[in-house]
Each structure stands twice: as structure tokens, then as C-alpha cells.
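Place chains E, F, P and W with the ligands on chain D using the hints.
One-letter residues, chain by chain:
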Amino acid sequence: MAEAGDTPHARRFVPSGRTTVTAVGWPALGLAVAVGGWWLITSAIPLIHPAVLPPPAEVLTAFREKSAELLGGLATTTLETVAGFLLSVVAGVLIGLLLAASRAAERMFSPLLVAINAVPKIALGPLLVVSLGWGQRPILTMVFLLSFFPIVLSTTTGLTTTPAELADLARSLDASRWQTFRKVRLPAALPHIFVGLKVAMPLAAIGAVIGEFQAGEGGLGYQIVQYSGIADSATAWAAITLLATMSVALYSSLVLVERLALPWVRETTSER
Amino acid sequence: MAEAGDTPHARRFVPSGRTTVTAVGWPALGLAVAVGGWWLITSAIPLIHPAVLPPPAEVLTAFREKSAELLGGLATTTLETVAGFLLSVVAGVLIGLLLAASRAAERMFSPLLVAINAVPKIALGPLLVVSLGWGQRPILTMVFLLSFFPIVLSTTTGLTTTPAELADLARSLDASRWQTFRKVRLPAALPHIFVGLKVAMPLAAIGAVIGEFQAGEGGLGYQIVQYSGIADSATAWAAITLLATMSVALYSSLVLVERLALPWVRETTSER
Amino acid sequence: NPDNPQQTSTSSSKPLEKVTYLTSFGNFGRDAYAWVAKDKGFFREVGLDVDIKPGSGTGDNISKIEAGAAMFTPVDLTGLLLARGNGGAESIVVVAGIQQHTMAALISLQGNGIATPKDLEGKTLADSPGSVVRNLFPTYAKLAGIDATKVTWVNGAPANLIGLLASGTVAGIGQFVVGEPTVESVAKGRQAVVLPYSDVMNDLYGNVLVTTTKIAREQPDLAKRFIAALMKGLVHSIDNPDETGQILKKNVPAAVVAPAAAECTLMSAFVRPEGSGNVVGTIDTKRVARSIELLQDADAMPAGLTPDQLVSADLTPKP
Amino acid sequence: MIELAGVSCSFSGRSGVVEALRGIDLTVAEGEFVALVGRSGCGKSTLLRLIAGLLLPTEGEITVAGERVTKARRDIAMLFQRPALLPWRSVIDNVLLPVEIFGWRRAAHRERAARLLEMAGLAGFEKRLPHELSGGMQQRVSLCRSLIGNPRVMLMDEPFSALDAITREELSVELQRVHMENASTIVFVTHSIDEAVLLADRVVVLTPRPGRIREVVEIRIPRPRTLGRNAHFEEVARCSADLHELLLGFGTSAVAGETGR
Amino acid sequence: MIELAGVSCSFSGRSGVVEALRGIDLTVAEGEFVALVGRSGCGKSTLLRLIAGLLLPTEGEITVAGERVTKARRDIAMLFQRPALLPWRSVIDNVLLPVEIFGWRRAAHRERAARLLEMAGLAGFEKRLPHELSGGMQQRVSLCRSLIGNPRVMLMDEPFSALDAITREELSVELQRVHMENASTIVFVTHSIDEAVLLADRVVVLTPRPGRIREVVEIRIPRPRTLGRNAHFEEVARCSADLHELLLGFGTSAVAGETGR
Ligand SMILES: Nc1ncnc2c1ncn2[C@@H]1O[C@H](COP(=O)(O)OP(=O)(O)OP(=O)(O)O)[C@@H](O)[C@H]1O
Ligand SMILES: Nc1ncnc2c1ncn2[C@@H]1O[C@H](COP(=O)(O)OP(=O)(O)OP(=O)(O)O)[C@@H](O)[C@H]1O
Ligand SMILES: [Mg+2]
Ligand SMILES: [Mg+2]
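So the sequences go chain by chain: D, E, F, P and W. So the first sequence is numbered by this note's numbering: it starts at 1 and just counts up by one. So the second sequence is numbered by this note's numbering: it starts at 1 and just counts up by one. So the third sequence is numbered by this note's numbering: it starts at 1 and just counts up by one. So the fourth sequence is numbered by this note's numbering: it starts at 1 and just counts up by one. So the fifth sequence is numbered by this note's numbering: it starts at 1 and just counts up by one.
One or more hints might be untrue.
What the hints assert, rightly or not - Only part of the chain P face toward chain D is listed, based on derived beta-carbon distances under 10 Å: (1) 11; (2) 53; (3) 54; (4) 88; (5) 92; (6) 129.
Stated by the list, open to error - Distance condition first, Cα-Cα at most 20 Å in a straight line; then the derived SDA-like pairs of lysine to any residue: (7) F:18 / D:217; (8) F:188 / D:55; (9) E:66 / F:188; (10) P:71 / D:177; (11) F:232 / F:188; (12) W:71 / E:101; (13) E:66 / F:301; (14) F:250 / D:72; (15) W:127 / P:17; (16) F:318 / F:307; (17) W:71 / E:176; (18) W:127 / E:260; (19) F:249 / D:64; (20) W:127 / E:268; (21) F:249 / D:69; (22) W:127 / E:264; (23) F:249 / D:68.
Simulated from the structure, these hints should not be mistaken for laboratory data. Everything numeric in this text was worked out from a predicted model, so none of it was measured. We put the beta carbon where it would ideally sit given N, CA and C, even for glycine.
Only chain D is shown next, with the shape it has when bound in the complex (with noise of 0.2 Å):
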């Protein structure tokens, strides 16, 4: 629970007010010190030339006059993510799923998985039009590529690191494989597959950004790329900042459902 300092009591409930300071607060300071820093090189001693790194009050100002259009970009964009990532969440976890159920399958697959992540994705572009085509698919593949990996790793170390003790109980009551995963692994890996869905989203949006360079037609990647080739980094600027805007918010509803769902969690380790 959100109780500052060292000394533990006895769990009780926490004010709400005390909640949503911590809730909000801190992320509004965070975010000022944030846009301040952008300032004070931009602005207040302009280290940093605005071609390359545009003041926050023109990003504000080209936000303002392209709106509309930034905010349809913003709209296909999150769309795009939020579909690839629930397409790489389901397919991660499968994956990781048959990984954890052999070793065969994890020795003879993951080099493989390790080798597709680390390939650049930007080398992949030709590859993906030519096969998919132009628009949802080859983004929504660039997505998934981009995004998968974490996902099946931590649901494989998730899986494969069951406490022995509930894995024997399992085991005791010869539950099928199916039934071990979904009463024991499954929940076990939880807090594992989260880790994974957490870093897998803000690359989910990278792969959305990745896939619209390379064959979209729309959505803030375009944007970036049209606004950077006419050299109005404002606007690009503003199209990264709701990209990342974005993001956060992804991630926060994603912190969200974490908390939500795996309350036992936070009660039975221990915080700081």
C-alpha cells in the first residue's frame, strides 16, 4: 500500500486523498521537470538548435494549428497498436506457452526468436509489402515483430519457474498438463508475463511508427516522416510528443489491469 516510510504497521486502508496525490501528483511533477529540461535547452539557453530539437511552445504551437490532422494520425496510430499488441500478447503467449511445455521446442526455437528480434526491422520493409501488401497488415506484422519477444520470454521464464512446492501439488493431484497451466503456472506467471507486457508495449508503438515509415499511408509515423522530409520539425515534434503521450497511457491502463489482477501479489512480497 502507499504508505511512505520505512517503518511497517499493520495493513489498513489508505486515505484516498493520500492515493491520488502519489497518483497524480508525482506524475505531474515528473512531467513538469520533464518539459522544463526541454526549455531550459531549447528556450531558456538554447543549446540546442530548433531544427533539431524544436522549444516546447513551438511544438505547442504547430500542435495547435494541425490538430485535426494530428489527433486523426494519433487515432490510427493507437489503433494500430493497441491491435498488433493484443495480436502479440495472444501469439507470445502461445509461443511461450509451447516453449515452456518442451525443452525441445525451446532449444530448437528460441535462437530462432532471438535471431528475428534482432534483426533491424527497417530491413524487413520491402520484405513485408511485397508479401503483405500495404496498410493494417504489414504494420500490424511490424507491430507483432517488434513486440512479441519480451512477451514470449517472460511467459516462458514465467511458466518454467513455477515453485516447485505448487508444481508438486499439481502433480499430486495428477492434474492434466492443460489443467496445471490454467489453475498453477498460469497464475504463477503472472507477475512475470506482466513484466513483458509492460516492455512490450512502448514497442508495440515503436512498431506501429516502424510499420507506418515503411507502408502506411497515415498515423503519426507517416507524419513524422512527411514533416521531417519538409523539414518542420515542430510538427514532427508534436506527432513524437502525442506518440509517447500515447504510450504512457497505454501503459498506464496496463499498470492498471496489473494491479487489478494480481492483488495477492503486492500483499505477499515486499514493496520497499
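Just chains E, F, P and W with the ligands now, kept in the frame of chain D:
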């Protein structure tokens, strides 16, 4: 241990011949499957045009022809990847430690880290070059930017989910924060941290390549751009293949380090 | 699609044939002519329904055309020659010239101490490896009488170059001539200094329209119709830069009118140089041969390639 | 029901081999209640895990109901030395786990689960998560879980070790009742000689490492048995004294029986 | 040494509040050996955790050596109900953990650690990892760990619960010796009335939830005490009977004392 089958028995030493088969045989089979598949779709039933994915034979020829140059690139890129990765590990664990130590810091900075992580790194090229020049520094920074997040996240998660009974033990000994960290939380977090490291490793390789795209003067990334720029896809894919091989090798060493460093994890958890 | 009803009715007897076209890179003013041809109904007039997709540069575009993801695209002839010299792009054939002279150039800013090619010595320039400007630089240096070894090249991704120049990190960058207005708009008041390669390499073409040998052989009629309509768009775009900018904006919301129009204006001189007559898109095989020679002399490609292996004389627009 | 013939079991780790059990021959008849006693670390838990099919013997053979044991059986319930509760499941859901695994209807067994919990003194805690319970309460949840399936064979590893004397007595009585009602076969590890004498038909005494059967003591007291001074007080005292001596007989200090390799 | 004044402690979870302890007043003198008995779940562990400074009371005040307890103290060693060994450390390194934390020299205490392990019957297991040990062996490692620092105060939560009768007796004797040699203050939770009577100067009997002090029984038998029939047999029998009755007095079924909310 490497016993096959479902039935557990009292743990005993596995004949070493068996281990070698699983450690080398399966990955080799996986490689064969991958190369076979590649050959199938490019040469046997040419579904995919060699211009977007050249057949293995062509790539091999290209590699033979330009092996000195490509191996030089490999050396450069490997060095950058490893150096940048080590940087990420050190900095990532430290940042993770900071976030784990203070809820305020976590609330303040984790959205920013997510935001930074979600910025398409291509867009950061000019910023890096302008502030850091060409060569090693911007490239290492790029490696860091791509690979720090999984390490930070897994470190924070690992450090904040110490089993309550171990944290209580440390508290009952009135251990200082640092002692608790060193002797209890960090070792307990290592299984988590290693997942982060394993996710970060291929990302580091991509970081080196993207860094070279933007600020490099050699290396596999540089060669990929150069050769795809003149549509010499065989050589470009030779570079990509080398890159993937390098990642797999680095990843495997990481797995080995994990196995040597954390023998207790395999013993207190149940694999399958 | 705002085609006027008259044109629609003339071609409605037959179903439109589908064609996929790739721009050279993204959707900027220099590539807007395809949109003009589509928007003005030039393609429709000749019974084509053209799908325009953003390209990603010469290398990628060649791959995509060879693999059949698109049928036509403009690529830089020098890049194509280099690819061919390396044993790639074997099924690619040139069917029209877009820019009669290469638009490759070095762009600097006033105050950087560069006014003539000679001033480049001792300076640092940026461009991405594999780009035309960089590949041709040794040849350019030789012809312009400067010592190429005294110039330092650094790497920079295409999208980053203008920023690098504007922020003073490098003295000059590789760019197409049409990049000048963009550079100036970013440099805020400083004027651009442009050193076009065409000053010393007059034979070299800029972008040329390519397709595969298969299409050239099996669908010459379709290719001819496509080329004619595209050239019509090209002419219209350089004649009406402002309208072109509007058309681009209408079709690609992320485009911006003013810089697109400026690019068209600048491109005009390369599409229809003085004394080239009224017809655009022509290819002079003798010039191509000399370009090949140039690259061979610079050791950039092996001997053996002849223009007729590369250019489909049947299809190129004739003066 | 359960037969062990020449069963040995060793563990090997990085620092050498531990021989946990050597040459165990033991037959447990159907409906019999056998207690297993022995010094800490002598291999009692290992023996139960072998019977449960969680571990394969290094030597020898184990059969249950005539079938060779190669994996766990559904008619055997194992109660582990540690509670092994699923931390994300409420108390009642933990008790109902075997029901779900066996594919039975949850609703049909819910009430029985609640009754078992009440019997174990856990009424009102059904919805709580395991970490909200005390050590002894967790152990009782685990006991309820092992009873829910009405198993033919129960292997119980120190089920009452974390319980106070009174709860222990009450639950001993319950266990006897279940044993008699269901005629189930029970192998029961305990450190309490009193408990062994109260509950078991036979008490198997193991020697310290390697665990071998030192003696099997028969307890001839009619059931139901009760605690405290009763008609069979002398028999109880005799058996207790015997067992104590048998256990003590391995040397005066714990050290004697314990060597790492 | 230890003073508790009006100490209460409640836990709140999603399914309501549990009042674990209510109004505990207790003073433990320096060098005193106090046993804590009570039904399972009555708050014994909670009480120890409060004294150890691992939990803050919801009400009341706790002082140790005159200082208010707000966090753990180095002169108090806590032995947890579960062994809580670090799974990555060998047995001897687990025992030496307090030495490292206190910043003492490892080398100087290594031998003592080995001696403690030998005393606990674990000679030869120094290099093994905790998961290679049986439950009782793990508990003994944890006991050695709590003894290594020669603490002034020891809080022991059922230290012998997983041990066989013999080992238990041997270690009880050892514990008595340590207690007398070091004049350390000990608060000891046990479920064994015999153990309480053998070891304690006073036995505190807690009522079931909420835990309140029902009675404090003084055991006036001179030390060193021994098991079995001895000169003080009658006093032992009287105290045991008293305690049994006190514990039993809360109702005939465990259920009575257990409600969730
Ligand atoms: N996984 C393991 N790896 C190595 N050795 C083991 C393992 N499990 C048990 N042992 C060893 O086997 C022996 C018997 O262990 P077991 O747990 O069966 O003892 P036990 O009789 O149940 O003891 P306790 O009464 O303390 O629970 C011990 O010496 C122990 O060290
Ligand atoms: N973390 C917690 N959250 C909620 N309730 C708790 C928690 N810890 C203990 N309790 C409750 O407090 C009461 C006392 O628990 P405690 O562990 O002190 O009992 P105990 O006397 O040690 O029992 P045992 O003899 O079984 O170990 C129990 O009813 C338990 O449910
Ligand atoms: Mg045991
Ligand atoms: Mg307790």
C-alpha cells in the same frame, strides 16, 4: 536438469553426452529448419522474389565475396553492442534501484521512461549527432536508449517483489537499506533482472545498427544501409544474418551466465 | 475522386486497369506529379486506375518493383546503374526520364565559407552511406578539380540532414537541388548555397521511371498509356506549381502546399531543360552510355553494361 | 494397498550424494492407519513422496492397489509438510482445487468444503487469501483440501505440527472418524509419539540417514480411541515408552545420525 | 526488558477487519524466559512481530530496554515460524547472515557457526543449499542463525515444531544452557505444553481471537530442568494440567473461537 518425460525422479547427474545433444542438437535442428524454410520460400518454390529476400545460396556467395569487409563490420558492431549493453546494464540497474527505492521517484519518472522508450529512435538521430558528434558516443547512446527500459523495469519489479518473509528477515536484523539490497533484494531479484537482460540484448544489437544508420562510420548497420541503397540485397542480407548470429551468440552467453549465477533458481522451481 | 464527368463517361465503356505506382520517396513536391496525373484524371483517361504508394528510396523501390509489389516507380539512374553494376536490379528497365539532369547537389549555407567547389576542401559534409551524392562525390571532385581526400564525409540519415546543416554541425549536406527552399526555411534567414552535380556531370540523368522487363515486354500498351499519362501530369505539375501543391495537400493531408510548390518550380529546369524541346521524359541512350562510362572510370561499377540492356527504347517518349 | 519392496532413494547435489532411504520393505493393508516416525531428516517426507508418485525410487518397487506407481494417482491425497496453498486463491477456492482438477461440479462440493473448514475452525475465513492466515490456519486449510476428495489413500506429512494441543486433539478425533467412516488407508508422519499411539494401527520407526525400517510397533487398542486416562492407559504408556526408546536408540546426540555425505 | 502496555493490533483486508490482539499488558524482565501459548490463530506470531518492531500496534505502546519500539533492534533476534532461509545461500552462509549484516568479521564467526550447526545435528550439511534439506533441518538452520549473534533478547516462534521428540529435547536443553549462560531474555511461542513447562519461567496463555491475556502461569521449578520423572514431577504435572485446562476453557470446539469478522 535435462531429463525428458513427465515423471520426476530423485535428481541425479545427467550423463554429459545427453546434455550435449540437447544443448547443441536441438538448436542445430532449429537452424536447419529455419534455413530450410528460407530456402523453400526463396529457391524451391520461389514465393518471394530474391530482391526482397535473396535465397540462402546467394547470401552465402555474397558473404564469401565480401567476407573481410563484413567481418570487419561484425567486429565493430559487436563491440558497440557489448559496450552499449554493459552501459545499459549498469545504468539500467541503477535507475531500477532508484525507482525501487522510492515510490515518489517511481511515480515521477516511470512515465518519462516509458515516453522516452516510445519515441521512435530514428527521430532522435539529429539530436544525438548534434549533441554528441559522430562515432562511438551517439551509437552507444542509441544502444542505451533502446535497451535500458527492459532492464530498468525488470530490476524495479524484481526489487519490489521480494518475498515478504525474506524482507521481514532483513528488517528483523535491522539491516541497512544497502545491506538489504545487496544481501536480500538483489539476489532475490536476479531471476527477474535476467529476463530484462535477455530482452535487452537483441534490442542492444538493433540499437547499434540504428546508431550506425544515423551516426556510424562502419559496422553492419552501415553496410546494411549502404548495400540496400544500391539494391544489393544479397550482401545486405549477409550483414543482417551476421547481425542475427551475433545476437544469438551474445544471448546464449547471457543464458549461460544466468545458469551459472543462479543455480538455486532451477532447483527451487519446477520447469515443466 | 474529382474527375470531371466528361472524362469518366469516355472511359466507362471498359473497366479500368489497376496499376500500382510508388513515389521515389514519401509524398513531397518532387513526387507530386503522379498525384496530379491521378487527380486530373489523366490516368483515368487512358483507362488506368493508379494506386499511388509512398516509396522509400532507390534501393527499396527497386526491390519492391522487382518483387512485383508495384509496377512503376521513379528511381535515381545513378543508383540504378550502381545496383546493376553490383549484379542487382536485373529485371529492371528504364522507360522514361523524369529529370533530364541529376538533381544531386551539395547544399551549404551562406556563412559556412563555401561558394565554389574548391571551398569544400577541409570541410565536413554529411549524407547517408549509399546515397547518390556520396557515391558520385569522387567523380564530382575529379571533374570539379578538387581533392576528394581533403573532404570529410560523415554519416547522416536522410531525414536528419537538414537539421545537421541548420544546427551548424556540418558545413554541407548531400541533397537534391529541390531541397533548397526547405533548407532555407529551416535556416531562418540564411541563404542556401547549392552546388549541383549537373554543373560538371551534364550527361547524368536524375530520376528515371522504371518497370520490370516483364511488364515492358508483355504489357507495352499499358506501359505506354501509363507513361503518357504520367508525363502529362509531370508537365502539368511543373507548369502549375501552386495547383500541384494544392492537389498534393488534398490527397496527402500531411503534405504542405508552399514547399511543395517551390519544389515543383525548381524541378522545372531539370524536367524540361533549355533546348530539350516540348516533349518530357525522353532518354538519350548516348548520354546513358556516357554516364555508364563515367561510373566505370570512377571504379564504381564493372565494365560491360550497355544502354540497350537498361533502357526500353520502344517505350521511352520520343522527341 | 501399498507395497514397498526394497525401496531406496538418494539425492545427488553439487556437494555430494545423500542417501535418504535404503531398502525399505513395507506393506500397508487397505484401511490401515500407519504412522511414520523418525528423527528429523531421516527420510519420512521422501517416503511419502515416493508413495505419492512424486519421486521415483533409485531402487526397488512401489505398488499401490496392485499397480506400479509411476505417477500420481487421483485416489491418493497428499498433504504436504508445508501448506502449499495457491496464494491467489481464497481459502475456499484452495480447498476446492481438487474438485476442479477432478472435473467434479464445484457447486456440489462447495457446501462440503465450507463444512470441512468449519470443522477445522476456519468458519468465516472462506473468502480470505492464504497470506491473511496464521501458520496453523494455513495448515488446516491444506488439511481440508486433502479431505475434500474423499480419497482412498491419504498421505499426511506432519498435518498437525503447527497446531496447538487442543486443536490437534480435536482434529485427531475428526481424522479417526473419517478414517473409520471411509475405511481409508492412511500413512501419517508425525513427531508426536502420543499422536502416533492415539491414531495408528502400526507405527513404523525409521533410523536416521539412510532411513531404514528399525521396527514396526503394533498398537492394539480398540477404536474409537480417546485421549487421557482410559481403559487402555497401560497399553498406551507401554507403546509410548517403546517408541521413545526406539527413537532414542540411535545415539545420545542428534549429531550421530547426521552426516552430509 | 520488554514492556507492552495496552497493545492492540488489527489487520484489515478486502474482506473485513481481523482483530488479532486486544489490550495486551505484559512485562518481561531481563533474563526471563516467557512462553506464549494459545490456540492456533490467536495472535502469538503477531505479538512477537510487534515486539520485534516488524509491525506497529494499532493501539498501545511497546518498549524494549526502555526505548519505544519503532523498528527492529539488533539486540533482538527473531526466529520466524517459517524458516525464511535465503535460497541462494548455503547453510553456513545463511547462519552467518546476521554476522555480515552486523558488520562483524566472518572469519571470526565461521567456526562458531559450524559449532552451532553441529550442535543442531547438521554437521556435514554446511555447504548445501536450503532446498536440499528436510523441513526440520531447515528449521534448525534458522535456529542456528538466530543464535549466532548472541542476542540479548530472543523471540522464537515455534522453533521446534517440525522436530522429532528427541531432537526437540536435545535442543531444548541447549536452549536452556544458552539462556542461562548469556542471561538472555526469551519469548518463546510453543504448542507443546510440556515444552512450555520445561523451559519457561512464566507461561502466558492467550485467548482466541481477539488475543487477550487469559492468564499468566508461573513455573517454579529450579533450573537446570530435565525431562522425565524427576524431583519436581508433581509441579510439572500440576502446571501442565492447569495449562491444558486454560487452553481448553475456550469452548469445546475450535469453531467457537474463530470468526472471520
Ligand atoms: N531435493 C533434495 N535434494 C537433496 N537432498 C534432499 C532433497 N530432499 C531431501 N533431501 C535429503 O534427504 C533426506 C531426507 O529428507 P526428508 O525431507 O525426507 O526428511 P524428513 O524425514 O521428512 O525430515 P523432517 O522430519 O525434518 O521433515 C535429508 O537428509 C535431506 O537432506
Ligand atoms: N497479514 C495479515 N493480514 C490479515 N490478517 C492477518 C495477517 N497476519 C495475521 N492475520 C490474522 O491475525 C490473526 C493472528 O495471526 P497470528 O499469525 O498471529 O496467529 P498465531 O497465534 O501465530 O497462530 P499459529 O499458531 O497458527 O501460528 C489470525 O486470525 C490471522 O488471520
Ligand atoms: Mg519431512
Ligand atoms: Mg504463528
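Structure versus earlier hints - violations, ascending order: As far as the earlier hints go, 1, 5, 9 and 11 are violated by this structure, in ascending order.
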